[in-house]
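These protein sequence lines map, in sequence, to chains V and Y.
Sequential numbering from 10 applies to the first sequence in my numbering.
Sequential numbering from 3 applies to the second sequence in my numbering.
Rather than coming from a laboratory, the hints here were simulated on the basis of the structure.
By construction, the Cβ of each residue, glycine as well, lies at the ideal position given by its N, Cα and C atoms.
A few of these clues could be false.
Among the chain V residues that face chain Y by a calculated CB cut under 7 angstroms, a handful are [said to hold, decoys possible]: (1) F125; (2) P126; (3) A146; (4) M148; (5) Y149; (6) R150; (7) V154; (8) R199; (9) A203; (10) C205; (11) R207; (12) G208.
What follows is a list of derived Cβ distance ranges for each label pair [unchecked claim]: (13) G151(Y) <-> R199(V): 28 to 34 angstroms; (14) S179(Y) <-> V90(V): 45 to 51 angstroms; (15) G62(V) <-> W147(Y): 44 to 50 angstroms; (16) Q180(V) <-> Q98(Y): 36 to 42 angstroms; (17) R133(V) <-> S179(Y): 24 to 30 angstroms; (18) R29(V) <-> S61(Y): 53 to 59 angstroms; (19) W147(Y) <-> G87(V): 43 to 49 angstroms; (20) E163(V) <-> L55(Y): 34 to 40 angstroms; (21) G151(Y) <-> A156(V): 32 to 38 angstroms; (22) L115(Y) <-> A167(V): 46 to 52 angstroms; (23) R211(Y) <-> R76(V): 35 to 41 angstroms; (24) W147(Y) <-> R99(V): 36 to 42 angstroms.
From the derived model, a few chain V residues whose C-beta atoms are all more than 10 angstroms from chain Y [to be verified]: (25) I88; (26) A92; (27) L106; (28) A107; (29) L147.
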Amino acid sequence: MHLPGTESRRRTLLHRAWPRLKLAAALVIIAGTALLPRRPDALYLVPAAVLAGLWLVCRMPLLYTLRRLLVAQVFILGIAVLALLSPAGRPVFLATLAKSNLCILALLVLTWTTPFPELLQALRRLRLPPVMLTTLALMYRYLPVLAEEARRMERARASRTFSRKRRSGWQNLGAIIGHLFVRTADRAERIYLAMCARGWK
Amino acid sequence: MTGSPKSDPALSGHRPGERPGQEKRAEPSLKGEETVPALRIGALSYCYPQGRLALEGVSFSVTPTECIAVLGPNGAGKSTLLLHLNGLLPDHPPRQPSIWVEGQPLLAGTLELVRQRVGLLFQDPDDQLISATVFEDVAFGPRQWGIAGPDLQALVARCLGLVGLPGFEEREPHRLSQGEKRRVCLAGVLACRPSVLVLDEPTSDLDPRGRREFKALLRSLPGAKVIATQDLELVVDLCSRVLILDQGRLVAEGPTLPLLSNEELMLAHGLERPHSLLHHHPHR
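Go ahead and model the full structure; you've got the sequences and the hints to work with.
Spelled out as structure tokens, the structure:
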């Protein structure tokens with residue numbers, strides 16, 4: 010699993026910029042975009058142009074960006090389609106699509122140029138509640154562990170799968186997900202104990 | 003992989019009769035009466051919530067310089083015992099203490115103190131390494147005790163130096179090797195400045211080199227150590243005394259070499275005589 014980290018990064022001007030500044034700028038862009046009128050409007054070109062400029066400066070790969078935007082579309086469309094149900098919902102639908110994608114793009118530029126640990130530091134300086142910070146930090150730390158665990162289970166399953174029936178495939182996937190939940194709950198318990206052992210309150 | 007902080011004494015010629023752990027063993031018996039044990043367990047019993055008895059009347063003590071091993075088959079209660087030493091089990095500390103750390107009873111009021119004095123290294127490093135960077139992780143404990151700023155940075159640097167990983171502060175835990183992860187975990191425990199180190203299977207998933215280096219690292223650390231392990235060679239090399247647990251009961255206790263050489267006893271409790279005690283090893 011690829012997570013942008015402190016290593017293996019091409020360094021551009023934006024990468025070197027102050028993390029807190031980048032975080033604040035991203036929040037300003039997101040808030041500004043959210044406040045735009047709820048219909049297609051020329052004003053949308055402003056954040057779009059700013060983000061396009063930043064994108065060019067930070068040299069974020071096109072495929073990297075599109076893949077992540079594509080994942081977000083599932084959620085964005087899910088919400089935006091609701092607007093189509095109301096009378097004259099088309100402008101709202103289009104505005105929701107544009108707004109959400111611009112906001113996601115702003116976050117992508119931020120996370121591409123700022124290693125996650127630095128982002129956490131910046132959030133800590135901005136006095137985000139510690140519980141939220143811990144949750145974010147734990148998520149970042151354990152996503153690769155979970156992905157690795159899922160990969161191992163999938164491999165073990167594949168080595169004992171001899172038919173290509175789609176139905177049993179889905180059943181197996183369900184079993185893996187269920188198993189992963191149980192294992193994750195166990196691990197969460199052990200992590201909590203390990204945190205307590207080092208003075209966590 | 004970085005080298006161990008000291009050259010491995012196991013490679014520099016110890017004869018079977020004079021292993022390092024055994025030289026230490028003479029000390030407590032000379033002045034045993036005056037020294038407060040680093041750890042004392044008195045009639046410790048524990049029942050799991052499901053009702054299964056996990057520990058029954060376990061008693062022993064550890065002197066401040068001693069390294070002892072806890073052996074036993076899987077499910078004997080080793081890990082459960084170790085969790086007790088740090089006050090992680092039972093969920094609420096009992097009214098009647100059964101554990102004393104440097105003379106302090108483990109009660110609800112002394113829980114934090116005990117957790118600082120007893121450093122617990124968990125079996126799976128991924129359970130213990132919780133932060134986004136190595137620095138954050140080693141700093142996790144000291145931050146809880148209120149250390150910050152340059153003091154914290156110096157402490158983290160010193161602990162990483164102790165475990166042979168200087169300059170690893172900005173590395174990310176999920177990109178480390180298994181051996182490096184273990185060392186970072188140990189640095190995180192050392193940063194809390196414990197007087198007793200409690201280690202659960204510290205060499206279980208290391209390759210032979212990692213095991214050798216980690217063993218040398220453990221030997222270089224002062225203070226009392228309690229090691230639960232299946233790695234009998236580690237026990238022979240490091241520990242002066244052995245406890246054998248089986249089905250939650252302490253079935254044997256004594257100096258390492260005589261106990262581990264007792265084949266009948268070892269086999270009866272799912273163990274075996276370590277290879278190094280079966281044959282004469284000219285290079286030791």
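Against the structure, the hints:
1. F125: holds, 6 angstroms
2. P126: This interface hint holds because 4 angstroms falls under the 7 angstroms limit.
3. A146: holds, 5 angstroms
4. M148: violated, 10 angstroms
5. Y149: holds, 5 angstroms
6. R150: holds, 6 angstroms
7. V154: holds, 5 angstroms
8. R199: holds, 4 angstroms
9. A203: holds, 4 angstroms
10. C205: holds, 6 angstroms
11. R207: Check passed: Cβ of R207(V) comes within 4 angstroms of chain Y, closer than 7 angstroms.
12. G208: Cβ of G208(V) sits 3 angstroms from chain Y, so the hint holds.
13. G151(Y) <-> R199(V): 28 to 34 angstroms: Roughly 31 angstroms apart at Cβ, these two residues keep to the hinted range, so it holds.
14. S179(Y) <-> V90(V): 45 to 51 angstroms: holds, 47 angstroms
15. G62(V) <-> W147(Y): 44 to 50 angstroms: Given a distance of about 47 angstroms, which is inside 44 to 50 angstroms, the answer is holds.
16. Q180(V) <-> Q98(Y): 36 to 42 angstroms: Taking Cβ atoms as reference, Q180(V) and Q98(Y) lie about 52 angstroms apart, which means the hint is violated.
17. R133(V) <-> S179(Y): 24 to 30 angstroms: The hint (24 to 30 angstroms, Cβ to Cβ) holds, given that R133(V) and S179(Y) are roughly 29 angstroms apart.
18. R29(V) <-> S61(Y): 53 to 59 angstroms: Taking Cβ atoms as reference, R29(V) and S61(Y) lie about 56 angstroms apart, which means the hint holds.
19. W147(Y) <-> G87(V): 43 to 49 angstroms: Given a distance of about 46 angstroms, which is inside 43 to 49 angstroms, the answer is holds.
20. E163(V) <-> L55(Y): 34 to 40 angstroms: Distance hint for E163(V), L55(Y) holds at roughly 38 angstroms.
21. G151(Y) <-> A156(V): 32 to 38 angstroms: holds, 36 angstroms
22. L115(Y) <-> A167(V): 46 to 52 angstroms: About 51 angstroms separates the Cβ atoms of L115(Y) and A167(V), which means 46 to 52 angstroms holds.
23. R211(Y) <-> R76(V): 35 to 41 angstroms: Hint holds: Cβ distance 39 angstroms, inside 35 to 41 angstroms.
24. W147(Y) <-> R99(V): 36 to 42 angstroms: Since the Cβ atoms of W147(Y) and R99(V) sit about 60 angstroms apart, the hinted range of 36 to 42 angstroms is violated.
25. I88: Given a closest Cβ separation of 30 angstroms, the condition holds.
26. A92: holds, 38 angstroms
27. L106: At about 33 angstroms from chain Y, L106(V) clears the 10 angstroms cut-off, so the statement holds.
28. A107: holds, 33 angstroms
29. L147: violated, 6 angstroms
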